[in-house]
Amino acid sequence: MTHLADLPVWAAIPVALFLVTGAALALIGSIGFLRLRTFYERVHAPTLGTSMGIGFVLLASMLCFTVLQSRLALHEILIAVFMVVTTPITLMLLARAALYRDRSEGSGDVPPAPPA
Amino acid sequence: MRGGLMRGWSMRDWLPFPLLTAALVALWLLLTESVALGSILMGGVLALLTVRGFIALDPPAGRLRRPRAACALAALVLGDIARSNLAVARIILTPGKTERVSGFLRIPLDMRAPYGLATLACIITATPGTIWVEYNSANNTILLHILDLVDEGTWIDTIKGRYEKRLMEIFE
Amino acid sequence: MTATLLLWSIFLAQILLVAAMACAAFRVLRGPRAQDRVLGLDTLYVNATMLLLTFGIRTGSTLYFEAALIIALLGFVATAALAKFLMRGEVIE
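Protein chains in written order, with the working numbering: chain W, 91 to 206; chain B, 105 to 276; chain D, 599 to 691.
If you are wondering where the hints come from, they were derived from the structure by calculation, not from laboratory data. Glycine included, each C-beta is placed from N, C-alpha and C at the ideal position. Mixed in with the good hints, there may be bad ones.
With beta-carbon atoms standing in for the labels, derived distance ranges [said to hold, decoys possible]:
#1 624(D) <-> 195(W): 34 to 42 Å
#2 157(B) <-> 602(D): 47 to 55 Å
#3 160(W) <-> 156(B): 35 to 43 Å
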């Protein structure tokens, strides 16, 4: 753990803060899995982790490695961009699949398919 | 195609999708973590090949008309995501049963530009608390599911006034 | 001093993330429907990505970054394929 001691205080405090905030947001999102009652409510829960949760963790990682290696560590942006692009796709696909399944079972809780 | 005919034509012919190509080169440079001439050349070749492959998929036409407005929209969305993160966190952590209702909401749209619609879908789904469920191209309406559906009018105003108007400026 | 602060905050973040993974795993095991399980699996992947990044900060090795990127990629492909399967009963039409 010697490399952590090399981190100056002005960098260490934000790194610690970002890490804990990001992890806490991910946990709150996942607690939503336990507390929310229907699938369509639960589908909102993971967006906490995939938007700001992972954003804060990536910020902490970027700051940490930039200061330690004394050059810009930017490749965390790749994961951020990847998350921003893919999360809407997976969640939309899942919501549409759930809607399709509910409709084909004739569930009354979802709006009917629009007339073709 | 706007702009000078000769120049615009040859430029687009030689380098179609300049923004996508630049983004792919940037992606390669980030992945290899170097800005050496070799990586730039390799990234450029790979990006050009990828764009050729992308054209083979026959993507719909459309272009980013106002980059500055796009940056302003990105900043706006970032702020909104932060705010709805807090709102959804509060909903999840509030103990006991509340009178919060969640439900589906159908919104008619005016925008038809395919990239604008795709961006709107990403914005709505990436923002905690709202998710895009369905798009009906016959009458141009979208179906959303909203976690905290207190007032339907406010949500319609938010989607149409805040995002759709700006996206139409950018993409149409 | 800073090393202790960082070690403890990394430890705390890891505990929070493991708890988040436990909640997601509960949804995978419990269901009740297939879409709930897939949603839980997707969240499990995202939380694993974050956990790997905290390991990276802890050890100071950038190798964990590559692993995190691959987990994120796998999670996307797996969830997209499963959602497609739920919708139509087949992955490639």
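Against the structure, the hints:
no.: 1; hint: 624(D) <-> 195(W): 34 to 42 Å; in the structure: violated, 25 Å
no.: 2; hint: 157(B) <-> 602(D): 47 to 55 Å; in the structure: holds, 51 Å
no.: 3; hint: 160(W) <-> 156(B): 35 to 43 Å; in the structure: holds, 39 Å
Going through the hint list in order, the structure does not satisfy hint 1, though it satisfies all others.
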